[in-house]
Amino acid sequence: MSRPVKAMNHALQIQGLRKSFGKTEIIRGIDLAIEAGDRIAIIGPNGAGKSTLFNLISGRLTPTSGEVLLNGQRIDGKTPYEINRLGLSRSFQITNIFPKLSVFENLRCGVLWSLGYRYTFLRFLSNMHDANERTEELLQQVGLARKRDVLAVNLTYAEQRALEIGVTIAGGASVILLDEPTAGMSKTETAHFIALIKQVTTGKTLLTVEHDMGVVFGLADKIAVVVYGEVIAFDTPAAVRANARVQEAYLGSSVADAQGQGH
Amino acid sequence: MVTSVVPMQRTRPLNMGRIIVWSLFALLLVAAPHVFTSSLALSMLTQMGYLIIILLSYNILLGQGGMLSFGHAVYTGMGAFIAIHTMNLATQGKVPVPLVLIPLVGGLGGMAIAILLGFVTTKKSGTTFAMITLGIGELVASMSLMFPGFFGGEGGVTTNRTYGNPFLGFTFGPQIQVYYLIAFYCFICTALMFAFTGTPLGRILNAVRDNPERVEFIGYNTQRVRYFAFIIAGFFAGIGGGLSAINFEIVNASDSLSGARSGGYLLFAFLGGATVFFGPIIGAVLLVFASVMLSELTKAWLLYLGLIFLFMVMFAPGGVASLIMMNLRVARFGRFRPFWLLYLGLILTGGVMAVGAAALVEMVYHVQLNSALGPEVGFAGLTLDTSRIGSWLGAAAVALVGLGLLELVRRRFARVWGEAQEAIQAEVKRLENE
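Keeping their order, the protein sequence lines are chains A and B. In our numbering, each residue carries its 1-based index in the first sequence increased by 1318. In our numbering, each residue carries its 1-based index in the second sequence increased by 214.
Source of the hints: derived by calculation from the structure; they are not laboratory data. Careful, some of the hints might be misleading.
What the hints assert, rightly or not - If you want the footprint, here are the derived chain B segments under chain A, 3+ residues with CB under 8 Å:
#	segment
1	257-264
2	417-427
3	438-450
Unchecked claim - A few chain B residues facing chain A, derived, Cβ under 7 Å:
#	residue
4	Glu-430
5	Ile-432
6	Gly-433
7	Tyr-434
8	Phe-593
9	Thr-597
Beta carbons are placed, not taken as given, at the ideal position from N, Cα and C, and that holds for glycine.
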């Protein structure tokens, strides 16, 4: 798995990242270098700072100190929309879509900026064939073609999660962050969903926060283990599984569970 | 609530339904003064014309952008002032603007004010936005007293619209000619504002309304989306203001810029229906009926208006337009039949209750305001004697009986309605999975 490390090849590089809320330091110096095209799973106990890390990378929060580089460019301190325009897109743990717009409109909103339509109010959406074609493609990709004109609020939970992924990838970002994409799903839905994620993120760099160990070992090229705001291990699934410190600090029985499931 | 602001637009070159609706709208605007020929009707139709523009512009903020503004009168009022000063300058020959372009001047004026004040206003969304609009509304209203040169003090600014050469033979002296000028602008502006809902900015504005945070993560600066929409709303508000200046030939700050005026726009955009594009058009019609006819009929009209608003918020938060849309949906699935009788029942029992309650209200108002004229008050062709306990008990009895019957019908209605909705849901599911 391990390829020769070339600094310029890093899709995402995090250096000395820290974040404090008042006196409490939640992220306590994280360094990570993620190669383009890798699928990374971030695991760790509740409250370890996984979601905070995502919020720092995606611009929802501003780091207290440290740097985040996207394709070699500093993005820490930038706004979410600036970061998104540079090619990083994220989904949310709690479904975060446009409830009163149809599935099609939800996806098209995600497409518009990347095709350069910006704040246009002098042209009709219905004439923007590239945007509409791309949206139809996305509908097929996330398996919601039959729900095209249904309002997002009327979708089932699993469908809303799929739409969430669709909106996230709509703009064609090269780095995708998924925050617990399978949270709250049944086993069969999860399996189906992992296949979907794999398919739609082909050729992209993927970071995902995940609790389900079966999902983690099935999806990830590498795993980063976050405990108390620090990365205690960042390696291939096999190496992480064998890592004594990880087992001691966090995994324990859940690794055995995952192996028991045939991974 | 299952109605979205904008109906789905598939890429069809010719949309017959839409062409028919717009033709009917144009026909209605042209024919209305020939059907309702009294001067009161003409005056009301004229007011409806520019109020449609104003309420639709307000709904760009409220319905499409989720921005609850308490200060829309700032933009209509400033548009009106800028328009009326331009008219006076044109009369003196200082600027060459014909009357037919005055509404555009008002629009540009409203837009300029929106560019200026909107930058601060749209920095925030939600409650903060509402508070800022309230503050700016009060600020501008109080400023009007400090600059009597521009705002004309308590007397306001007056003008004469019949300046310059006639335009295509129109002098715009007669009210009917003013009506057609306003009707023309009404149609164009309505069409433009509808077109706006089908553009990228219009759609992203809906997304900002639904979920501003998510919009930030798909590349859009939500503040800028709100700002641009605010400017566009200011433009159309200014056109509406300019038309009102032409209509009345006077603009008065204490009225045109007042918080009460802003509140009226909010109230009636909501009553008409903020969730459907055409809702505010209904709102504009209701606003004119309320302010012209209801206010003639009774001194307690604001009380009735408040009650209507209250019931609307509680029972039909989507306004009249959403009631229409929901019933059309039921009809489309062929389930409207039982509702004819139920609606008749609701109207009759509700009417009985309203008559009783209104009699009580009128008697109270009479005792408080007009008791010097004697104890008797005329009500719906009857004469009620406020000095006799029987009048009070009678009115109360009518109101209570009406209320009781209304509740009975309402329960039955709610049950049948629920059943119809469930059946429709099942039907929709079945169609989706076909």
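Consistency of the hints with the structure:
no. : hint    : verdict
1   : 257-264 : violated (count 0)
2   : 417-427 : holds (count 8)
3   : 438-450 : holds (count 4)
4   : Glu-430 : 4 Å, holds
5   : Ile-432 : 5 Å, holds
6   : Gly-433 : 3 Å, holds
7   : Tyr-434 : 6 Å, holds
8   : Phe-593 : 44 Å, violated
9   : Thr-597 : 52 Å, violated
Of the numbered hints listed earlier, those contradicted by the structure are 1, 8, 9.
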